[in-house]
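Undergrad: Sequence:
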Amino acid sequence: MFLCHFTLSISGVLRRPVESAQYVSIRYSERLAEAGIEPSVGSRGDSYDNALAETINGLYKAELIHRCTWKTRESVELATLEWVAWFNHHRLMEPLGYIPPAEAEANYYRQLETPVAEPALT
95 MFLCHFTLSI SGVLRRPVES AQYVSIRYSE RLAEAGIEPS VGSRGDSYDN
145 ALAETINGLY KAELIHRCTW KTRESVELAT LEWVAWFNHH RLMEPLGYIP
195 PAEAEANYYR QLETPVAEPA LT
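All residue numbers for the sequence shown refer to the numbering used here, where the first residue is 95 and numbers rise by one.
It should be emphasised that the hints constitute simulated quantities derived from the structure, not laboratory data.
A few of these clues could be false.
What the hints assert, rightly or not - Beta-carbon label-pair distances, calculated as ranges: (1) L146 x A211: 27 to 37 angstroms; (2) E176 x N144: 36 to 46 angstroms; (3) A147 x W180: 13 to 23 angstroms.
We treat Cβ as the ideally placed atom computed from N, Cα and C, and that holds for glycine.
With the hints as extra help, turn the sequences into a complete structure.
TA: So, in C-alpha cells, the structure goes:
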C-alpha cells in the first residue's frame, strides 16, 4: 500500500500530492488517539521530525529495500525480519563503541543493576 501516489500536473511535471500524505497523517493520528497512544513525533506533528526514526528508515531502504526487486510482500517481510535481527545483534555501531545495539542495551541495563558503593563515613 502506498501512502502517496504520483500524478502528472498540467504543465507535464511530476509532482507528489501533499494532500494525500496529510490526510493519511491525520487518520494515523486519529487512530493513535482512539487507541490511547501518544505519537512519537515532534512539535510539528509529522514523522519527519523524528530524526532517529528517519535515519533507521533510510538505512533500511538503502541497505535492503532498494537493492533488489521484490516479488512478494512475504519476501519483503522475511527479509525485513532478518535485517532487523542483523542490525540489532551483529551490526557494529561506531557511536556505541563498535558494538551491536543489543549489546549496548544489555550493558546499559547491567550497569543499572550494579549497586553503587556508598562512601565510607569517617
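Undergrad: None of the hints should be skipped; say for each whether it holds.
TA: Structure-based check of each hint:
| no. | hint | in the structure |
| --- | --- | --- |
| 1 | L146 x A211: 27 to 37 angstroms | 34 angstroms, holds |
| 2 | E176 x N144: 36 to 46 angstroms | 24 angstroms, violated |
| 3 | A147 x W180: 13 to 23 angstroms | 19 angstroms, holds |
Of the hints listed earlier, the one the structure fails to meet is number 2.
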